[in-house]
Amino acid sequence: MDEKLIYERLIQAAESGRPYALATVVQVKGSTPRDVGSKMLIAETGEQVGTIGGGCGEAEVLEAAREVIESGVPRLVRVELTDDYLSFSPAVCGGVMEVFVERTGG
Amino acid sequence: MSREISAVEAARRALAVQEQDAEPLAVVTVVSAPVEDAVGRRVIVTESEVEGSLGSPERDERAAGLAREALSGGQPRLYEIQLEGGFWQLYVETVTAAPDLLIIGAGHIARPLCRLGALLGFRVTVADDRPEYANTGSFPEAARVEVIDFSEPFQKIDVTERSYVVLVTRGHKYDYDCILELLRMQARPAYLGMIGSRRRVRAAFEALVADGVDPARLEGVHAPIGLDIGAETPEEIALSIAAELVAVRRGGSGQKLSELEHVLKRVAGKPSEP
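Residue numbers (UniProt numbering), protein chains in the order written: chain A, 1 to 106; chain B, 1 to 274.
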């Protein structure tokens, strides 16, 4: 997704007065679905704009987003995408991502 | 202490850079630190100033140093540094204006190319000498649509090192006038492509050299335009051109990944037949 769209949605989200979590991929090792700088905006309802993994490792980030929206305390989440291929898990990209999750708006 | 910069504030500033040509900037965010209340703080750094604070002048000075290093053309990245006797992780990303895609010629290929270009993050300008083709109704995704005169094609449109220029006018005479003008400019666009068959392109190159263009400058011209995907329809041709634009922007080879990576060869442990 175009980063411009994420910025626009981030501003709209702030104007809505509801809290959101912004997740940014800040470091990757090995093979990951998205590069450093990819962003995803997550609403309280779990609704998301943008993607940092297209299903790959997004569950951990969504969980962290819920916590961060509630506590307001930003944190770094390590997402390991190293499941065995034949597990048919979406997390088979083979890499590790560090994702920074922070609350915005609200 | 100066005001705190939120992610939303940083987004507003990023949009101003991308849409209104504001000064390029770098955003530095603390993503981990021994001091808990520093995490999530950010500063916005331009060549001339630092806005916001990470909580101490020493931290801000380090951040500004990293940001200015990044501003000279860096990809977003995480810096792991020692600061105030502890281990800090600072995430730095730069925001520069979106690259410009100039589509000269508003015909069949221009329409899908305009859509693809906008989708891929280009700021698209479409120009033609026919107002019935060059209008915003035909190109809703374009940032700008201009009616131009092909004898002075770049009078209204700036060409810079950030420009990706695609020549797809209705006649090779117009493509020629445009490319001649472009090759005589001081500024060298990031990408210059011209449509045409092998024979047409060869004739154009010969004429350009006869017109005094340095043959070395022709090396960077993408003509015939696009990647070889067997494109036939206007949409497929637009895709072939868009793929080449991305390859130039991101430094890709345009080859099939399956042929580049040779995964099967690694699995089988023996060389594949050529």
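No lab work stands behind these hints: they were computed from the structure. For glycine and all other residues, C-beta sits at the position ideal for the given N, C-alpha and C. Treat the hints with caution; some may be incorrect.
From the structure, some residues in chain B lie toward chain A, with a derived Cβ separation under 8 angstroms [stated by the list, open to error]:
hint : residue
1    : ILE5
2    : VAL8
3    : LEU15
4    : VAL17
5    : GLN18
6    : GLN20
7    : ALA22
8    : VAL31
9    : SER32
10   : PRO34
11   : PRO76
12   : ARG77
13   : GLY85
14   : GLY86
15   : GLU93
Results of checking the hints against the structure:
Annotation: ILE5/B was flagged as interfacial toward chain A, and the flag is violated, the nearest CB pair being 12 angstroms apart, outside 8 angstroms. Of the supplied interface hints, the one on VAL8/B holds, with its beta-carbon coming within about 4 angstroms of a beta-carbon of chain A, less than 8 angstroms. Checking LEU15/B against chain A: minimum C-beta separation of about 5 angstroms stays under 8 angstroms; hint holds. At about 10 angstroms, the closest approach between the beta carbon of VAL17/B and any beta carbon in chain A exceeds 8 angstroms, and the interface hint on this residue is violated.
For GLN18/B, the suggested interface contact is upheld, since its CB lies about 6 angstroms from the closest CB of chain A, less than 8 angstroms. A hinted interface residue such as GLN20/B counts as satisfied when its beta carbon comes closer than 8 angstroms to some beta carbon of chain A; here the least separation is about 12 angstroms, so the hint is violated. Interface restraint check for ALA22/B: the shortest CB-CB distance to chain A comes to about 13 angstroms, outside 8 angstroms, so the restraint is violated. The closest approach between the C-beta of VAL31/B and any C-beta of chain A is roughly 4 angstroms, which is under the 8 angstroms cut-off, so the hint is satisfied.
The beta carbon of SER32/B is positioned within 8 angstroms of a beta carbon in chain A (closest approach about 5 angstroms), and the interface hint is therefore held. With 8 angstroms as the threshold, the beta carbon of PRO34/B stays out of range of chain A, its nearest partner Cβ sitting at about 13 angstroms, so the hint is violated. Using the Cβ-Cβ criterion of 8 angstroms, the hint placing PRO76/B at the interface with chain A is satisfied: the shortest such distance is roughly 4 angstroms. At a threshold of 8 angstroms, the smallest CB-CB gap from ARG77/B to chain A is about 6 angstroms, leaving the interface hint in force.
Look at GLY85/B: its Cβ only gets to about 20 angstroms from chain A, farther than 8 angstroms, so that hint breaks. For the restraint placing GLY86/B at the interface with chain A, the shortest Cβ-Cβ distance is roughly 15 angstroms, beyond the 8 angstroms limit, so the hint is violated. At a threshold of 8 angstroms, the smallest CB-CB gap from GLU93/B to chain A is about 6 angstroms, leaving the interface hint in force.
When held up to the earlier numbered hints, the structure conflicts with 1, 4, 6, 7, 10, 13, 14 and fits the remainder.
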